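Colleague: Protein sequences, first through last, are from chains A and B.
The working numbering puts the first sequence at residues 1 to 285.
The working numbering puts the second sequence at residues 1 to 186.
Since the hints were derived computationally from the structure, they do not count as laboratory data.
Please read these numbers as outputs of a predicted model, since none were measured by experiment.
C-beta: ideal position from N, C-alpha, C; glycine also.
You may find that some hints are simply not true.
Claimed, not checked - Partial list, derived from the structure: chain A residues whose beta carbon lies under 7 Å from chain B: (1) Arg19; (2) Ala21; (3) Glu36; (4) Arg37; (5) Leu62; (6) Val143.
Each chain is listed here by its residues.
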Amino acid sequence: MKHRKERDSDDEDVLLQLREAPPPVMDPFTERRLRERVLRGELPTPAGASVKHGRRLAAALLFAAAAALFLFWRRSEPVVTTSSQWVTITASDGAAYRRIDEEDGNVRVTIDAGSVDFQVGEHAERRLVVVVPDGEIEDLGTVFSVRVEHRRTTGISVQQGSIVFRREGLDALILEAGQSYDGVLHVAVEVKTNGAAQGSAAAPSPTPSEPSVPTARAIGPTRAKASAAQAASADAVGDAEDDAFLRVIALRREGRHEEARLAARDYLRRFPSGFRRVEMAKMAE
Amino acid sequence: MTPMQKRPQRDELTTDAALLERAVGGERTALGLLYDRHAQAVYGFARRILTREEAEDVVQVTFIRIADIAASFDGRNSNARSWIFGIAYRVMGERRRKTSRLREILREFRAGESRVANAPGAHDAIDLDRALARLSEGKRAVLVLTQVHGFSSEEAAEILGLPVGTVWTRLHHARRELRELLEENR
Chain A
1 MKHRKERDSD DEDVLLQLRE APPPVMDPFT ERRLRERVLR GELPTPAGAS
51 VKHGRRLAAA LLFAAAAALF LFWRRSEPVV TTSSQWVTIT ASDGAAYRRI
101 DEEDGNVRVT IDAGSVDFQV GEHAERRLVV VVPDGEIEDL GTVFSVRVEH
151 RRTTGISVQQ GSIVFRREGL DALILEAGQS YDGVLHVAVE VKTNGAAQGS
201 AAAPSPTPSE PSVPTARAIG PTRAKASAAQ AASADAVGDA EDDAFLRVIA
251 LRREGRHEEA RLAARDYLRR FPSGFRRVEM AKMAE
Chain B
1 MTPMQKRPQR DELTTDAALL ERAVGGERTA LGLLYDRHAQ AVYGFARRIL
51 TREEAEDVVQ VTFIRIADIA ASFDGRNSNA RSWIFGIAYR VMGERRRKTS
101 RLREILREFR AGESRVANAP GAHDAIDLDR ALARLSEGKR AVLVLTQVHG
151 FSSEEAAEIL GLPVGTVWTR LHHARRELRE LLEENR
């Protein structure tokens with residue numbers, strides 16, 4: 001039996017573990033979406049408000065059964081889901097992920113653990129955002145794989161196109177085709193916010209022990225602190241800013257890099273304090 | 001100040017209390033700034049108690065309610081951050097009551113999901129979350145507010161609407177139970 005002091009010390013260790021655990025974080029996309037709804041005074045739609053109680057119960061049971069079936073089915077390897085034409089998701093055995101098709105056609109996939117491959121077709125007007133425990137990844141028209149272990153992204157490999165990896169509390173990375181990222185090695189240079197002025201030239205060479213590791217470009221932090229300017233004209237400016245941002249992303253997805261660069265510059269000119277200014281600055285280079 | 005250092009903008013220096021005052025007058029910029037400052041923390045708190053979708057709803061409802069009742073904030077008796085968390089906690093309570101039956105049904109499903117999530121290598125980080133999830137909601141709330149969000153026991157008591165003695169007791173039991181749950185898992 002443990003001595004009281006020993007137990008107290010164990011308790012303190014547990015609290016320390018709790019304090020140091022990464023807190024649950026809203027991805028920037030959701031954060032932004034909710035912000036706009038708050039400023040519009042729009043309440044969440046009550047789930048099934050108009051559905052009678054019994055029907056709601058039946059729906060929940062049906063959902064639970066379908067989910068159980070899905071989880072069972074997902075265990076055989078490899079598991080492929082092709083529920084929409086523009087994105088194919090292949091998960092390795094044991095990978096835990098959730099897919100949400102949002103009303104506006106965007107797809108959000110949350111990976112808790114394991115390896116998941118993505119094949120993304122043409123979708124200029126839609127977005128695929130992969131939420132990982134330590135950040136989010138957005139594709140720019142591509143084929144790529146993501147591996148999550150110990151609640152961290154330990155590998156990203158891009159076969160076609162490019163992706164943006166927005167890491168929680170760190171600078172975002174753009175990975176082009178042929179590049180890969182190893183979360184442990186951290187080969188990409190940490191370029192601070194004024195990323196536009198500092199390019200990938202500043203990135204150190206990979207060490208000899210990590211020869212195949214990427215030369216991913218670093219861009220400034222995406223969790224830009226929403227500033228006064230951002231909030232100043234929340235609705236109109238916010239919508240216009242979103243449109244400008246999405247336009248750049250769409251152009252990049254279509255491989256129209258020069259136009260994307262010009263559009264990114266246009267974004268910076270119009271929204272110098274914009275939510276995505278750092279990312280746009282990098283894309284404007 | 002070196003050229004690299006950014007001069008804080010006026011709104012970044014404004015206190016939460018002042019922003020609440022401006023929000024009373026219907027100024028949406030002020031509400032936006034409050035959201036920017038506290039939304040992630042409110043989400044982090046709610047997410048420890050509820051599902052992700054519910055936590056997102058809590059964030060949305062909390063800030064809309066802040067706009068509605070900002071006039072009732074009294075800076076002499078509490079600080080704005082505690083006040084905001086208090087609103088969030090009440091919204092969470094309403095949410096829980098509305099969905100309690102549904103949550104019961106889905107509990108079994110979530111247990112299945114967490115088994116799958118328990119892929120090789122994911123154990124350590126998930127253990128803490130799972131242990132935390134097995135604490136009662138009252139204990140979990142006390143633990144998260146004081147240990148993760150750095151509130152004092154008095155502030156946690158204000159947020160939860162409890163006597164401070166109850167907060168101390170819950171905290172004591174919560175950390176003991178959490179340790180035991182973690183040991184069980186090992």
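Colleague: Could you run down the list of hints and mark each one as holding or not?
Modeller: Against the structure, the hints come out as follows:
1. Taking 7 Å as the C-beta cut-off, the interface hint given for A:Arg19 holds, the closest approach to chain B being about 5 Å.
2. Against a cut-off of 7 Å between C-beta atoms, the interface hint on A:Ala21 holds, since the closest Cβ of chain B lies about 6 Å away.
3. For A:Glu36, the interface hint is violated, since its Cβ never comes within 7 Å of a Cβ in chain B; the closest pair sits about 10 Å apart.
4. The interface hint given for A:Arg37 is met, as the beta carbon of that residue sits about 6 Å from the closest beta carbon of chain B, less than 7 Å.
5. The closest approach between the C-beta of A:Leu62 and any C-beta of chain B is roughly 11 Å, which is over the 7 Å cut-off, so the hint fails.
6. Look at A:Val143: its Cβ only gets to about 23 Å from chain B, farther than 7 Å, so that hint breaks.
Checked against the numbered hints given earlier, this structure breaks hints 3, 5, 6; the rest are met.
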